[in-house]
Amino acid sequence: MTDVDASHRQRRIHEVFAALFVSGSFVTGMTIVLFWALCTVLGRHLVPYDPLADDILNALAPPSAEHWFGTDQLGRDIFSRVIVGSRDILTVAPLATILATGVGTVLGLLTGYFRGVVDDVVSRFNEAMMAMPSVIVALLAIVALGTSETTVIIVIGLSFAPVIARTVRSTVLAERELDYIAAAKLRHENSMHIMFVEILPNILPPILVEFTVRLGYAIFAVATLSFIGFGLQPPSPDWGLSISTNYSMISGGYWWAVVFDALAIASLVIGINLVADGLQGALND
Amino acid sequence: MTKPTLSLDRLSVGYRSGEREHAVVRDVSLQIAPGEAYGLVGESGCGKSTVALTVVRYLPRNGKITGGSVNLDGADVMQLGPEALRSLRAKKVSMVYQDPGKALNPSLKVGRQLAEVFEVMGVPPAEREPRAVEMLKKVRIADPDSVMQRYPHQLSGGMQQRVAIAMALANDPTMLILDEPTTGLDVTVEAEVLDLVADLRNEIGASILFISHNLAVVAKMCDRVGVLYAGMLVEEGPARDIFGSPSHPYTVALLRCMPHAGQTKTHGLLESIPGFLPPPGAQLSGCPFVKRCPLADGRCRAEIPELQDCGGRLVRCHYPDRAANLPPSIEAGDVLPKPPSEAAQILRVSNLSKTYGQGNHAIRVVTDVSLSLQAGETLGLVGESGSGKTTLARMLLGLVPPDPGGSIELDGRPLAGSLERRREDEVKAVQIVFQNPDSALNRSHSVARIIGRALRRLGGFRGTDLAKRLDNLVEAVRLSPRHLTLRPRQLSGGLKQRVAIARSFAGDPRVVVCDEPTSALDVSVQAAILNLLTELQAARAVSYVFISHDLGVVRYLSDRIAVLYLGRVMEMGPSERVFGGPNHPYTEALLSAVPSIGGTQTNRIRLTGESPSAANPPPGCVFQSRCPRKIGGICEVSEPPVTEAEPGHFIRCHISAKDLMRIQLQNKGGASTRRSVQSAPSVATLS
Amino acid sequence: MTRNASWLDNLRAGLTPPENHLIDGYVDGRVSRREFLRHGSLLGLSLPFLGRVGLATGLGAAPSVARAAGQPGATIRVACTAPEAEIDPVLVGDYGAFLMLQQVGEFLCVDGPDLLLRPSLATSWKSNEDGSVWTFTLRKGVKFHSGGEMRADDVVATMDRLADPKNSSNALSVFKGILQSGATRKVDDYTVEFHLNGPNGNFPYLVSSDNYNAIILPASYPGHYETAWDGTGPFRLHKYTRNVGASFIRNEEYWGRKSLPARTEFTFFADIQPQILALQAGEVDIINKLPALAGVALLNDPSVNVMTIKSSAHQPVHMQCDSEVFKDPRVRQAVSLCLDREKLKTGLMKDRAIIGNDSPLASVYPSADPSVPQRKQDIRKARELMKAAGKENGFQVALTTEQYLEIPAYAQLIQRWVKEIGIDLTLDIMDRNVFYGDAVRGKSPWRDSVMGIADFGHRGVPNVFLTAILTSDGSWNSANLQNREYDALAKSYIGTLDLESQRQVAGQIQRLLLEETPVLYGYFFDHLTAMAKHIVGVQPTAMGQLFLQEAGKA
Amino acid sequence: MSRFLGRRFAFSLTTLFLLSLLVFFVGQVLPGNVGRTILGPLADQEAVDALNRQFGLDRPIVEQYGTWIWHFLQGDMGQSYIYGVPVAPFIVQALGNSLKLALVAFMLVVPLGILGGVLAALNADRPIDRVISMGGLSATVMPEFVSGVVLIMIFGVWLRWLPISAAWPEGAGPLTQLYYVILPAIPLVLVLFGYIARMTRASMIEALDSDYTRTAVLKGLTWRRVIWRHVLRNALLPTITVIASQTGYLIGGLIVVETLFRYQGIGSLIFRAAKAKDFAMLEAGVLIIGITYAVATLLADILYSILNPRIQMETAND
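Chains E, S, D and X, in that order, are what the protein sequence lines are.
Under the numbering used here, the first sequence has 10 at position 10, and the numbering climbs by one with no breaks.
Under the numbering used here, the second sequence has 1475 at position 475, and the numbering climbs by one with no breaks.
Under the numbering used here, the third sequence has 2286 at position 286, and the numbering climbs by one with no breaks.
Under the numbering used here, the fourth sequence has 3037 at position 37, and the numbering climbs by one with no breaks.
If you're looking for bench data, these hints aren't it; they were derived computationally from the structure.
Check each hint, because a few of them may be wrong.
[Unchecked claim] Label-pair ranges, simulated between beta-carbon atoms:
1. R2257/D with L3103/X: 32 to 40 Å
2. S170/E with S1372/S: 24 to 32 Å
3. S1146/S with S170/E: 31 to 39 Å
4. S64/E with Q3045/X: 40 to 48 Å
5. M1121/S with V118/E: 32 to 40 Å
6. N58/E with W3161/X: 54 to 62 Å
[What the hints assert, rightly or not] If you want the footprint, here are the derived chain S segments under chain E, 3+ residues with CB under 8 Å:
7. 1448-1460
8. 1537-1546
[As the list claims (entries may be wrong)] Counterexamples of contact, computed for chain S against chain X with all Cβ distances above 10 Å:
9. G1035
10. L1080
11. D1099
12. A1103
13. E1116
14. H1153
15. T1183
16. G1620
17. I1631
Predicted, not measured: the structure shown is a model, and the values here were computed from it.
Ideal Cβ placement from N, Cα and C applies to all residues, glycine included.
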């Protein structure tokens, strides 16, 4: 009797996945992101040249069979640098986002679940954090603590946490009104159990979406910090740094010194947003 | 036959989801004559609302008409150009739907929204407002000028629906579609709205398509009725015939599911319809009802029956003449609960109150409630929204701490107000089945985990013991082990509620609070759940506090009943006494508001005026602002005493039980409509 | 080649021995014409005089800067870096700031674009026999913007202000050990004598535009320069906005020829990239200081003229001689041997540079000894030296430097090259301000880092480079070199007036520094000024100043 | 209403108080040793101590904070370490410029973003929606230095239509100033367009799918009137808050844009201060951003409550 019924409902679960993979944006985005992830992990083994190897007499050579994307002002192979350039940003930004998501989720759960004075204070605090653009917060902290990848990760992570906390808090507020929470209390479950075992699994979809969205912003922030000289330092082949040192080259005709790095950033952020968009669509349907 | 106002011809509608097209309306043909009221009934998911939206060509983006045509007042709706369609909507057809709060624009004043209808009709600006006021008067809004100036959220649900009806009638439509217009409203408000529609029918002369899941409402309102099942019209005919002698097995079974007037659990279990509705889009090779029909044979499985004319009505069944003899779904001799013999009090509540907020903003939602519960007994809690019944239940559970002063005792020992301070055995002794299983079950946990966790925490079981208990419990609530690995969203509403029931029984509770456990379920499923509760009570000698707004269900299940109004118990007594009278005037109104299919409708006691807010209760008797039996100044000044009408039957009223009995007997004789009409104006101004 | 000996002899009458020696060297071919002109101008021989000597020797006339065919009344727009702090003539040390000062202020003499000293507020100068007393004759009729006439008192006050250690002037790096406060004496209203601590053959350069702090201010200068912007120059300040820019207008009271442009506008940039874009977008006419590497886009742009001035500007890489890793000179030599100087010149500097030989005595200086062998990349030898020093396994060290011009690229190249001999360089590249800090030990990453790259602008004579940077008590001795022999050589070089003797001492210094290698001098880069094609008459100096009074649009 | 305002105002004050603590903490406590941070790791301890004394950093933290905030409230934002002059005039001027740029960006992006969102919602899931949504989304996360450089190349260097340096000549009128500010405003427009369009699209779709829209359509109103009177009215309310939430970014988050275009706003001020480790300037700049943000969101909430009848009601009953 329930065969039809159950299989029908099971199909809805599959539909989320089906929707994801039918969704052009998700597949395209995922392909781009996976490509860069691959470059991050294997980049140095994939590229034809050492990204740091200069050949200064062959500086600013246009794209050719030998150097697909040409060479930069020190004669380094731009193709190799662009491929390997994903490494730092795709290490720093995801770690920062994971930190932000972790801290934000815990904060959001605590404040949303307990409410009260703690909530009021933490919420005001979050608002105070959100009053400052994250790049500014990062700048302030980097100046105070000194530039290092760890600092950038921690600072970006902590400056994004309030936004995630706010999202999580609002979903928790809705969630805690549901009766399964009352049911858990009627089993004398402790608050930890209720927050992390009962509520958390149910708010994972919005957290996942928020994670992807924030990842896009983290890349934005890390690239910006590099560009203004407060992030990754030379000779890292980081894209933001490359653009920062080369951007006036375009007008002199050496477009390849900038364009490929710019395309790399653009493709990565667009890829991540396509994934976020796809996820959002599939989880909301 | 005159030309019908609305005519559907073999209409089919599907929804696209992903790559698939799901048929939700299949091959529906019907006609509604001018001035006729046609009721379309069916359980959720049968496609009734889709029919309504198709008529006005307002299907969701993914909806698509896959066949057939709609003809409204001579126009082929599907073929109209945008301007013609707009004009048709402006002049010919109006619609009123469920949830009037959402149907009105929250950021525009009521007057503006109403005047807009006249704007569309081309009425000069100066005349629009007076005509809007006129419309509001027409739907019996006592203070139309003030209502015009308000925003929708400043009106009560009943008022909102009146405004919506006024808007629908303003253009004097030839076709009025009412899509579940009273669902979600309180019984007394529902009755008012239905009265209003019934009264207006005579004035407007429009054809009405009345859509509802509530058979009784349709029976009351409509001339002709069509029964939808899985997007198909399975039976159609005059209302009296359909409800009096149904010819389709589904209609028959559906009507049997509802507790009959006066039926209680001691009379036996309810009938139910086993199985499930075919999902939308399912490929039907035979009769859609075949899997649930005890009469089904090979032909039913192989061949979709045609609608056939059976003497003034249409039936989609191969064997329409057999339906009347449909075998009952329950065998005789099922275990039935015995009425509690010895009066061992399990739960005792004295002077319980609950106040939210503080100072000027204090809202007292429960006031000074005292009641008791005996072993194996079911206490029904009845009341409309805002009556405090859910808060009371949550106080019993310890989820909401009561105000200081009151007390709850379990087995004679005081029970802490807050859950945290209750002992393990006290916690597991009082459990609950929530109204909405979607909310009550953690959607990311499997059934096994949900029930298993409860067994572990409440029953203290571990290991193989737990596994054994789990199997027992699952069996007891009539789930199969197959369901254990599924997650709630993979289950139907009925199955979900069984999981919730299993969870509440995991720790062998003494008291289970059932908070409207079937109100989110279809009639056919409701019966099965009520049966399950009955069986569990018989087997485990558990006591229930059963909350419901459905008096029929309460009467079926309860041994005793308490009627709540604005946080106060207005009447409490044995079930048969509360239904027999004498009654508190509020109970009387409640009882008379319930539409019933049987047609032996007593005269309605009309409550006028708005239900007061708990933040600002009327002085004296809290019911005096709406009471049709109000006897004068005393009601406005002093709180009425509680009198014991008969042993164990208490009424909180200034009028003596004897007088109440007399008045109410008169009314049943048909004499008191006048009285209620008379009393109406005096209280209407309070709104 | 014909020589008019009698004319030459006439010319030579009344010259000091060093002057006569210079002319001898020139006539005999030991001194090139360029060297002759430069050293002659230093000695106070006027350019017309030197030109006449040139003609007399048949070797050609002195170059003269013709007034270009620019339209008068133009507005000339210049892109430059922003002054990094408050502008105070006594204190400033950054290029943006002294460029501003030079627009309104003037020096006794100017180290011009052709590296020849020419008179400005002083009309002539002369030293005594041994070069320990220099006498400057001041121009008459020079008016300060604030009204008064410039006289000897003002010059004395200005020089004393700079030389007084109390004022912690940036010019102390130039005057320290040479000119003390009080040693500048008024002879009459238009004559000033400088009584030096000892003989100094290059002194006029030290009061020229090369010493950018040395603009002549009124004796009554009260401080807070930004309130008045006083000076004697061809332009007056119109408006100065911190971090944004400055504009100047023609000084109608100027003592010399009135300036051609009616107005000049300086726009401040934080970085070179936007300057390049601004020039290409037509929003500025001139980029005063263009690094070759970053400016490569302009070097090949047909709509842009790039003026090249040979200079002694360089980016020294110091290694602290008292540090654990660099205390052995062989290690320092090994590091030096890793440098591929040809590559630095052609690759990093786009051929707008000359190769350095680990001493500040660049070949642009007439006194540099060309016979000292040029050090070349030799990894094998470098490895041997490392082995000999017991460091064959290499070591790790931080290279601290600033985010400025091509230094980061240079640092990266060094990082790659020294890897060959096992040295693991970690780069610590910081903001320029932070890097220099207070420029005194303990308050400056530059001074305190074990290895670092700094940047030095052009100087007409190598004195500052030889003393401040390399002597044991040098105020900028970031390599912590403590070498008595060197100190003596440097002192002797400075005291020498005669070009050939200078060259002989220079040779000793160069050889000693090759041995010690406290500081790597990889290259000396040209001063590049990029201008839109239609701009003419601009006179940059190798130091980085920009004379705009003759500028115009063609 | 006044109760609501009072509470909202108290919230803003609390937020600002916390922000000041935060800024103070990050700027003065977190570095552990401001003097050390400024002078670098290699500096003499004596020099560091002297500098710290000069900044008054040897006093107890609470006292330092008290002095700092008390002076700040009186308009004294401290002395710039680099310029040796009071910070306040710098901040005031930069804030003025930032507000100008923000205003121009807002005036461009708000109508565009709303239009984009409305168009996308009305054509949901059609190509035009995909283009607007995906294009907007990508523009939102595209670092400004990518879009900024492209704009400079195209409009400044190649076409020479617009000045690439946002410093307008002295005494320039509003129109000239506008001309100079257009190019730097475009990257901001790009960043915010996607954000506003997306929010507008979401609330538009919600409004379009709502029952009250159905009521309006079935009344027979023209589509145009349904959109204007019923849909937009409800859909645009949340957009107010969305827009206000971006002021922090618009006032101070523009480091890259302001640096690329040489714009003298708070962003570039903070950037320079950070580079030079001018802590007084840095802290004052960040706090000003916070104050601007707090004021903007407060104003937005007030506006929202005025426009939204439901809020008025709730607070009246509250």
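Status of the hints after comparison with the structure:
1. For the pair R2257/D and L3103/X, the beta carbons lie near 48 Å from each other, so the given range of 32 to 40 Å is not met.
2. For S170/E paired with S1372/S, a C-beta distance near 42 Å fails the hint of 24 to 32 Å.
3. Separation of S1146/S from S170/E is about 36 Å and conforms to the stated range, judged on CB atoms against 31 to 39 Å.
4. Against the hinted window of 40 to 48 Å, the Cβ-Cβ separation of S64/E and Q3045/X comes to about 55 Å, which falls outside the hint.
5. Judged by the Cβ atoms, the range 32 to 40 Å given for M1121/S and V118/E is violated: they are separated by roughly 57 Å.
6. Separated by about 37 Å at the C-beta atoms, N58/E and W3161/X break the suggested range of 54 to 62 Å.
7. Interface restraint, the segment 1448-1460 of chain S with chain E: holds (4 residues with C-beta to C-beta distance below 8 Å; minimum three).
8. As drawn, the segment 1537-1546 of chain S meets chain E at 0 residues by the rule of a beta-carbon pair under 8 Å; below three, the given contact is violated.
9. Every CB of chain X is more than 10 Å from the CB of G1035/S (nearest about 21 Å), matching its label as outside the interface.
10. With a least beta-carbon separation of about 12 Å from chain X, L1080/S lies farther than 10 Å from that chain, consistent with its non-interface assignment.
11. Chain X draws D1099/S into its interface by the beta-carbon criterion, the shortest separation being 7 Å against a cut-off of 10 Å.
12. Remark: the non-interface label on A1103/S conflicts with the geometry, its nearest Cβ contact in chain X lying 4 Å away (cut-off 10 Å).
13. A cut-off of 10 Å between C-beta atoms contradicts the statement that E1116/S is not in contact with chain X; the least separation is 6 Å.
14. H1153/S, annotated as away from the interface, has a beta carbon of chain X within 10 Å; the closest lies near 5 Å.
15. Against chain X, the non-interface label of T1183/S holds: every CB pair exceeds 10 Å, the least being about 13 Å.
16. With a minimum CB-CB distance of about 24 Å to chain X, G1620/S clears the 10 Å threshold, and the non-interface call stands.
17. The Cβ of I1631/S lies farther than 10 Å from every Cβ of chain X, with a closest approach of about 33 Å, so its non-interface assignment holds.
The structure shown violates the earlier hints numbered 1, 2, 4, 5, 6, 8, 11, 12, 13, 14.
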